[in-house]
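A.B. asks: Here is what each chain is made of, one letter per residue.
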Amino acid sequence: MYEEPYKWVEAVGNRRTYLDEQFKEGAPVVGVTCERGILLMTMSKGTPKLYEIYDRLALGGMGHPADLEKLRFNLLEMAHVEGFNRSASDVTGGRLVKYGMAPAIKQAFEEVFKAPFIVKILLAELGQKAGKDGFLTINYDGTFEEKSQYAVLAATSAVEQKMAGYLREQSLASLADAVGAAIRTWAVGDQAQRRALDEGEGHDEARTSPDQLATDTETLYAYLRRCIAEKTVECALLDRHVQGPSKYRALGVDELKTLLPNELSPSLS
Amino acid sequence: MGMQSDFYQLLKGQGYVFGVLGQAARGQELTTATTILAFKYRDGVLVAGDRRATAGNMVMYDRTDKVLEIDRHSVMAIAGVPATAYEMARILEHSFKYFRRTQLQELSFEGKLRALSKLLKDNVPAALAGTGAVVPIFAGYDFEQEAAKIYFYDILGAEFEGVDYAVSGSGSPTIRGILHYVNTWGEQPLSAMLEEQATVQALRLLTSAAEFDSATGGVNREAGLYPVIKFITASGVRTMPDAQLKPLFEAKVSRHV
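Those protein sequences? They're chains A and B, same order as listed. The number in the numbering used here is simply the position in the first sequence, starting from 1, with 10 added. The number in the numbering used here is simply the position in the second sequence, starting from 1, with 89 added.
Hints should not be assumed to be uniformly reliable.
[To be verified] Taking lysine-lysine pairs in the DSSO-like style, the calculated list, with each CA pair at most 27 Å apart, reads:
hint: 1; chain 1: A; residue 1: K108; chain 2: B; residue 2: K101
hint: 2; chain 1: A; residue 1: K108; chain 2: A; residue 2: K80
hint: 3; chain 1: A; residue 1: K116; chain 2: A; residue 2: K80
hint: 4; chain 1: A; residue 1: K34; chain 2: A; residue 2: K241
hint: 5; chain 1: A; residue 1: K34; chain 2: A; residue 2: K157
hint: 6; chain 1: B; residue 1: K101; chain 2: A; residue 2: K80
Don't read these hints as lab results, they were simulated from the structure.
Kindly generate the complete structure, drawing on both the sequences and the hints.
C.D. replies: Shown next as structure tokens:
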């Protein structure tokens with residue numbers, strides 16, 4: 011039935027609608043650079059969403075846990091075999107995404123008889139020098155973008171734009187600044203997604219009525235306190251001050267308490 | 090499912106072959122590396138090695154690092170053919186990282202010991218053919234037992250725990266006796282020594298090995314070459330910098346030789 015081109019295009023269109031639906035309730039992911047390295051932040055219920063990939067690479071993901079797991083293993087396999095056969099310096103986010111991950115995701119997306127990957131991926135790469143840090147994001151259809159300074163994943167591009175707009179105004183100098191900015195940006199995104207869900211007006215809601223969503227700090231903290239009570243705050247750092255080749259470390263509760271804004275740290279248990 | 094946690098198997102699946110059988114050519118001297126030691130001191134385990142690599146009578150290199158950090162809590166010290174030993178270290182390093190990153194937990198200390206044993210077993214044909222014998226010491230922090238531990242191996246892959254100490258390499262017969270003497274009748278057992286005392290002991294042991302074994306390099310003060318000494322504790326692996334070894338050597342070792 012898909013031999014005719016327009017039917018294939020229609021099938022791919024249906025696939026987009028289906029996939030957009032799948033991310034509506036997903037937790038956004040925020041990645042920011044700071045003096046200390048790269049911070050990734052999200053909130054999860056049970057299944058973690060932030061992972062170590064290689065010495066200087068970390069991954070944040072949205073979507074179906076099984077799909078994320080499959081792609082995570084593919085990335086780990088590619089990175090480690092390449093690092094062993096050549097060197098750690100040859101394992102770069104750009105090579106993994108452009109020549110490995112993105113083509114595989116695109117192929118799965120366009121093969122309309124098979125199930126697509128229900129994932130959005132954010133890959134953070136700590137540069138050898140400060141200022142050389144970067145991000146790559148991959149959408150469920152295999153399109154990827156390179157970014158510096160910060161990158162976000164959310165249910166829709168409108169929400170992502172809103173988060174990026176908020177993040178642009180924030181100070182990201184110290185690690186504590188980065189943690190504060192990341193968690194508030196996460197709240198901006200999650201709040202926008204919730205509003206879109208509640209009102210059932212589709213993906214453009216956050217863009218069409220920005221005034222309805224308060225982004226003042228107090229409102230965001232109140233929202234975050236409710237989220238923290240129900241979910242686990244996940245923060246991981248590619249820490250350029252860590253000794254040895256592996257720079258990834260998850261931030262534990264005790265360390266997070268010292269880094270979170272005073273308004274939020276008592277809520278963390 | 091095909092999601093495996095064993096990096097070595099993954100490599101093999103991609104056609105990688107380790108421990109290829111070969112025969113040493115007649116008259117061809119292979120590069121080897123010599124004295125390594127490890128012993129328990131008050132805070133954990135000290136691992137040390139000289140810096141010399143030789144091929145027959147020829148000194149190939151005097152800056153060899155034989156005490157290799159495999160991960161944040163484990164060290165492999167190598168005696169034997171460096172080419173094979175470095176390859177083993179690279180496989181182990183990637184295997185431990187791969188396990189941690191895929192399984193989201195550290196490989197157990199026992200698992201790490203077993204991984205090295207498997208590599209040695211696969212290397213037996215090359216070791217017996219005379220092209221790749223490696224006799225390593227593996228030391229690391231065992232979080233289940235909450236203690237730093239030492240293991241040594243034979244070329245077939247059997248692992249043995251060094252309860253107090255372990256030695257390997259051509260200079261090891263010299264220092265094995267000294268270690269036994271010091272540990273049994275010295276002023277204090279090795280395990281009671283403070284870090285500085287343990288460091289001085291290691292420097293003296295390697296200097297003694299160099300005295301009687303031409304394949305072990307001693308300290309070369311003119312070139313600023315000191316042995317490699319690492320400490321393993323619960324907080325990880327730490328290397329004693331040359332800047333700290335130099336004054337210790339001059340004050341506590343050189344006046345005795």
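A.B. asks: Indicate, hint by hint, whether the structure satisfies it.
C.D. replies: Against the structure, the hints come out as follows:
no.	hint	in the structure
1	A:K108 to B:K101	26 Å, holds
2	A:K108 to A:K80	18 Å, holds
3	A:K116 to A:K80	15 Å, holds
4	A:K34 to A:K241	17 Å, holds
5	A:K34 to A:K157	24 Å, holds
6	B:K101 to A:K80	21 Å, holds
Checked against the numbered hints given earlier, this structure breaks none of them.
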